[in-house]
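J.: Residue numbers (the working numbering), protein chains in the order written: chain A, 6 to 350; chain B, 6 to 350; chain C, 6 to 350; chain D, 6 to 350.
You may find that some hints are simply not true.
Because identical chains share one entry, a pair is satisfied inside a single copy or across any pair of copies.
To be verified - With a Cα cut of at most 20 Å, we get these calculated SDA-like pairs of lysine to any residue:
| id | residue 1 | residue 2 |
| --- | --- | --- |
| 1 | 55 | 173 |
| 2 | 346 | 123 |
| 3 | 10 | 164 |
| 4 | 233 | 83 |
| 5 | 55 | 305 |
| 6 | 132 | 116 |
| 7 | 11 | 43 |
| 8 | 233 | 95 |
| 9 | 10 | 35 |
| 10 | 346 | 138 |
| 11 | 130 | 283 |
| 12 | 132 | 303 |
Calculated directly from the structure, the hints in this document are not laboratory data.
Number of protein chains: 4
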Amino acid sequence: MEPFKKINFSSENFAGVYHSVMDALINANNDNAPSYGNDQITQDTVALFKQVFGENIEVYFTFNGTGANNFGLSCMVDRHHSIFCSDVAHLYVDESNAPEAFTGCRLYPVNSLNGKIIIDDLRHKIKRIGDVHHPQPKVVSLTQPTEYGTVYTIDELREIKAICTANNMLLHVDGARFFNAAVQLNASLKRMSEEAGVDVLTLGGTKIGLMFGEAVIFFNPAINNPFKFNLKRSMQLASKNRFIAIQFQTLLRDDLWYKIAQHTNELAMLFEREIAAVPLLQVTCRVETNAVFLSMPKRLHQQMQEFASFYWWNEQKSEARFIFSFNNTAHEVMAFAEKLKEIIG
Amino acid sequence: MEPFKKINFSSENFAGVYHSVMDALINANNDNAPSYGNDQITQDTVALFKQVFGENIEVYFTFNGTGANNFGLSCMVDRHHSIFCSDVAHLYVDESNAPEAFTGCRLYPVNSLNGKIIIDDLRHKIKRIGDVHHPQPKVVSLTQPTEYGTVYTIDELREIKAICTANNMLLHVDGARFFNAAVQLNASLKRMSEEAGVDVLTLGGTKIGLMFGEAVIFFNPAINNPFKFNLKRSMQLASKNRFIAIQFQTLLRDDLWYKIAQHTNELAMLFEREIAAVPLLQVTCRVETNAVFLSMPKRLHQQMQEFASFYWWNEQKSEARFIFSFNNTAHEVMAFAEKLKEIIG
Amino acid sequence: MEPFKKINFSSENFAGVYHSVMDALINANNDNAPSYGNDQITQDTVALFKQVFGENIEVYFTFNGTGANNFGLSCMVDRHHSIFCSDVAHLYVDESNAPEAFTGCRLYPVNSLNGKIIIDDLRHKIKRIGDVHHPQPKVVSLTQPTEYGTVYTIDELREIKAICTANNMLLHVDGARFFNAAVQLNASLKRMSEEAGVDVLTLGGTKIGLMFGEAVIFFNPAINNPFKFNLKRSMQLASKNRFIAIQFQTLLRDDLWYKIAQHTNELAMLFEREIAAVPLLQVTCRVETNAVFLSMPKRLHQQMQEFASFYWWNEQKSEARFIFSFNNTAHEVMAFAEKLKEIIG
Amino acid sequence: MEPFKKINFSSENFAGVYHSVMDALINANNDNAPSYGNDQITQDTVALFKQVFGENIEVYFTFNGTGANNFGLSCMVDRHHSIFCSDVAHLYVDESNAPEAFTGCRLYPVNSLNGKIIIDDLRHKIKRIGDVHHPQPKVVSLTQPTEYGTVYTIDELREIKAICTANNMLLHVDGARFFNAAVQLNASLKRMSEEAGVDVLTLGGTKIGLMFGEAVIFFNPAINNPFKFNLKRSMQLASKNRFIAIQFQTLLRDDLWYKIAQHTNELAMLFEREIAAVPLLQVTCRVETNAVFLSMPKRLHQQMQEFASFYWWNEQKSEARFIFSFNNTAHEVMAFAEKLKEIIG
C-alpha cells in the first residue's frame, strides 16, 4: 500500500495509534478474557476512571464519537425532550441523523461565537416549559474544547450549569478533545467535569491517539438509566471490550494524556507565533488548544497542499484549519511556516 | 491484571486477536492516512473483496455484528416492511431493540429446527402482501452457520432464495461465523454468497480472530441505497477505518480465514469423537462447524467450570454449548475430554 | 353518492355513527370551547370516566385504535423493553409498523388458541431478564375480547396479571370491543379492568358506534409518564377534542354501551342458533361476543356476497367471519340464515 | 356543561364545526359503507380534489395537522435527509418531537421575517451536499399563510422552488390555513399549489370549520412512496374515513371554502381598520389573512380577557394575537374595538 506522504495538519484521525497505546494492545492480547466488558482489564480501567474522575461515576465505552454522544444523550432524555447545542456543534452538523435515530429528540441550535454558545441566546431559547406542543428543554450539550479550539472556562461552565439547574435541565459535554482543554485550563480532569457541574461527559480517545474508542462518563446519580441495555441497543457494546479499555488505561496512567495534549497544544501556539507577522495571513480565532484557524487566499491553500494537507474550512471567510496531532513535530511546523513565507515572499 | 486462567470453550470473543492480524495492525500504523475509509488500505481491501466475492459488490465496514446486521438490513427495507428470521436468530434474541431503532421494521420469527428455519413455516408466514394494515414481507434473514453450528446447503439457500424471489423479497445472511460454514461446505466464499442468491451478507470478523470489525457486502445492484450516508447514521463509520480494513485484508490474503476456520471446525469434530461413547453425554445437534451442543447433567457442567469455561445453554434440555476458537488446541480438547470421563467415571 | 346496499356482517367500521352519538355531536357544536382538551366537555367526560373506572385513573383520548394502543404502550415502556401479545393480536398483525415507530420496542408473539394466549407459552417465553443482549420483558398486551370474539375470564386475567407481577411487568388490554366482553362476563367495567389488575386499557369507541375516537385509561399510578407530551408526540392529540369526549360521554351515560353491546352479542348468538343444524357449516370458535367464525365452502361464501358482505377469514380453514354491528337487526340475521339454508338446500 | 361565554379571538380550534359541514356529516350517516377509505364518499371526494387541484395528484386524509405534516414529509425523505423550515414554523415549534419520531430527519431552521423565511438565509444554509457526515438537504417546508398570517406570493414560491430544484430538493407547504392565503392572493387553489411548484401540500380542514381532518396532496409523480402503507404506519388511517372525506367534499363544493376564508380575512382587516388610530396599539405585522398581531400593554391584554379571549403571543414584544374564525362576526369585532377604545380612553 502507498503511504500518505504529506505533512498532516488535516485531522487527528489521519495519525494512527500512539506507540505506547499500540504496545498496550499487544500486551492485552496474551490471554483469554470474558467478553462484553466482563473482563479484568475493563474492571481495572473503570477503577482508574473512578480515581481520576470521582468515585460515584458510571463509565461505559463506545466505538466512536458519534456513538458516544448519542448513547450518552439517549440516557439523559425522554422522547419528548429537546437538546440545545451550538449551531456549529459536531452533534449538529457532523453526525448525520444519528441523534434523531437514537434519541428521538429535537436538537435546537444556539448561536455561537468562536465555537462557544452565546449564553444569552441559550437563555432566550429555553422556553415554553410545560407546553405539550413544544419539545421540552432537557439537555445543554457543549463541546469542550469547541470545534474552533476554544475553551469554556470553569466559570463559564458553571454559569451554563446554573441555567440548566434553574430549568431542570442537564449538562452534557462532548469532549472529543477534552484533554486538550484540560491542559489549556491547567485543571484536573475532575475539576473540569464533576466539579464544574457536568452531568455526562463524552471523553474522546480516538483523536488523542487511540486506534478507536471513546468513553461516556455519568456523574449525576439522578440519571438512572439502564445504561448497559441502552449501550447494547445503540450498537456500541464491544464484544472484545478489553481492547478499548486497555487503550484508555494507557492514556490515563502516568498522565500520558497530559503529555500528548500538551505537545499538540504547543504545536498550535508555535505555529501561531511563526506566522504572526506573515502578510496575507490572519488568525481568525483565539488559539487555545491544538487548532489554528487562519484566513488566507484560497490560491495559497491550494499551493500548499503539495507540501501539507490541511482543510479549507470556510469559503465565505476564506479560512483554513490547521490541527495538530500527536505525531506532528515542531520541525514540521517550522518547515511549513518557512514554506508559507517563501511562497508569500 | 489477572489473566483468565481456564480453558475457554465459552466464546470466540474471549480469544483476543489472531497473531498475524495483530502484526498487520502494527504494520498499518506506520504512516498517516486519510480518515473515514478514504485511505489506500481500505481501497486495497475493497479490491480484494471484489476478487473474492465478485466485481459488482459494494462493501462497507462496521465495528460489530449488531451494527453490521442492522446497517445491512436498514439498506434493504422501507419503514413499512417486515423481516423474517429464525426464532433463535442472534438478530431476534441477542441484539436488544437495535433492529427496531435502526430499521423501524417488524421482525417475524420463523420456527426452526437445529437452528435452521423450517421452510414450510416461512412459506406459511409470508402473507397479506399488499394489505396496508400488515407489515409487508421484504427480507428473509438467515444465519449461516446457524446459532447451533448447523449449515444451510447451497440447495437449501437456493430454495429459500426462490421463495424470496417469488414474493419480491430479498435474502440477507448473518455470517458472523461465515468462514466456518464455507469450510464445512467446501465451497468458495463467492459460491456460498453471490452464486447462492444472497443479496446482502454480514461477514463476521471478530469471532474468527479480529480485534473488532465486520463487513457488509451488497451483491444485488438493485439495492440502491445511499449506503455510506446510512452507515454514518448508524454510528458505525470508523474514523480510522484502515484499522478495520487491514484486519480483513489479512484474513482474506492467502486464505488465512480457511486455515483458522478449518482448525476450529476440526476441534469440534475431535471433541465430538472423544465424548461419543461417554455415558450421560449426548450430542443434541449435528456437529457441522465449530460448536458442539451436549446434553449433560447440570451438576457436571458446574463441576467442569473449574477446569474450563463453557455455557449452560438450555435449562429445559439440560444442554451445554462448547465453541472452539482459533487459540484452542487439540491438547485442550483431549485434556477436557479426559477430565470429563474421569469425573463421570 | 351510491349507498352500500348489502347487509353488513363485515365490520363494525362499516356501520357509521349511532344516532344518539350523532345527536350529541350536534349538541356539542353550540358554543366555542377551548382546544386540546381544555374544555368543559372533556373535563366532564373525564369525571364520568372516574365514576365508572375509578377515581385514580388518568384518561386520554385518541383518534383511532392503532393510535390508542401505541400511545398507551409507549407510556409503559423504555426503549430496551419487549411487549408480549398473542400471535393473532391486532397489534401484531394489523397495525403495520406503528409499534416499532412509536414504542421502539420488540413485539414477541405468544401462541394462542381461539384468540387467547396460551398461558404456559407466555410463561415459557418471558426469559433472560437482566441480560443486556435481550429485549427486556415489560408488558403483556391482551385483546379483550380477542380477535376471535372470545373473552378472558376475570380469573384468567388475574392469572396473567400474577405472571406480570412476578416478572415486574405490566398488563395492557386492547379493548377495541371491550364493552362486548363486559356484557358477556356480566361484570362492571371497573371489575373487568382496575379490579382485574389491568394497568392500561385501550377502550374502543369506534367499533361500538362512535364516528371516531378511542380512550386510553391508566390505572396504575406507578406509570409515571408525561402522558400528554407523549400524546402530542404520537400525533393523536385532537385540537377540537370535545368532539371525541362528547361521544364517549354519551356512550357511558345511562349505560348506552351496555345496550348496544348486548344487542350485538345477542345477534351473534341468534345467528349461531339459526345455523346450528345447517349442514356444511361448522362454528369454529366458541361464540361469546358479537362475532361468529364459521367454516363453510368457499363457493358458498362467494355466493352469499350478493346478499350480504362478510369476510373470508382463513383460507386454510375454509373459514368465514361474521361480525354484528349496532345497526344490524335480528331480521337481517334471520333473513341471511334463511338464504343460507335455501342455497345449501 | 358550561359554555365558553367570551368572544373567541384565540383560535379557530375553539370554533366548532361549520353548520353545513355538520349537515353533511349527518347525511353521510345514512348507510353502511366500506372502511379505511374504500367507500363511495371517499372516492367521490378524491375525484373532486382532482378537479380542483389537478388530475395527477394523489390525496390522502389524516386526523390532524401534525399527522398530516409528518405523514406528508415522511413520504418525501430518506432517513439521512434534512428538512428546512422557518424558525417559527408550526412544524418546528408546535409539533413536539413527532417529526423525529416519524420522519427520523433533522429539521434545520431558517431565519424568518414576519413568518416568511429569509430566502438568502435558506440559500446560505443548504450546504455540504454529498457529505456523508451531514444531514442531506431534501425538503423546504413553508407555511402558507405563515404563522403570522402573511402570504408568500406566487413569485416568492417560484423563487424558493427554483432553489429546491437547483439542489435536488422538494417543496412542501403546510397549508393549515391555505384557503385564507388563496383568498388573499385571489388565485385558484391549483395555481397556488401545483402551478407554483408545490410538491406536497398539507391542506388544513380543522381551522376553517371541519370537526377534524386534514388532507395531504402529492403533486409530484416522482414521489413514489407506498403512501397508504405509510399512512397506516403513521396511525392516521381512519377506519370510518368517509366522515373525513364528506367534510372536505362539502368544503370544496360550490367554493364554500372561499366564502368562509373571505369572511375571516375580512374580519381581520375590519379589526385592523378599527384600531388603526387607537393610541398604545400598533399592528406589528402586515395583515394579509385572518390574523392580527398587535403590540399592546400587557395590562390591557389582561383587562380585555373578561370580554374576549385572545393570546398573549410574545412577551418580549408585548404582542398579542387575534385570530378570526368562521363564527366570528363583524359585530363582535366592532364591539371589541369599542371596548378597547373605551378602556384606553
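J.: Against this structure, judge whether each hint is valid.
T.: The hints, checked one at a time:
no. : hint      : verdict
1   : 55 - 173  : neither (26 Å within a copy, 32 Å between copies)
2   : 346 - 123 : neither (36 Å within a copy, 42 Å between copies)
3   : 10 - 164  : neither (46 Å within a copy, 47 Å between copies)
4   : 233 - 83  : both (17 Å within a copy, 13 Å between copies)
5   : 55 - 305  : neither (48 Å within a copy, 39 Å between copies)
6   : 132 - 116 : both (16 Å within a copy, 18 Å between copies)
7   : 11 - 43   : between (42 Å within a copy, 15 Å between copies)
8   : 233 - 95  : between (24 Å within a copy, 18 Å between copies)
9   : 10 - 35   : between (34 Å within a copy, 11 Å between copies)
10  : 346 - 138 : neither (58 Å within a copy, 34 Å between copies)
11  : 130 - 283 : neither (41 Å within a copy, 33 Å between copies)
12  : 132 - 303 : between (42 Å within a copy, 19 Å between copies)
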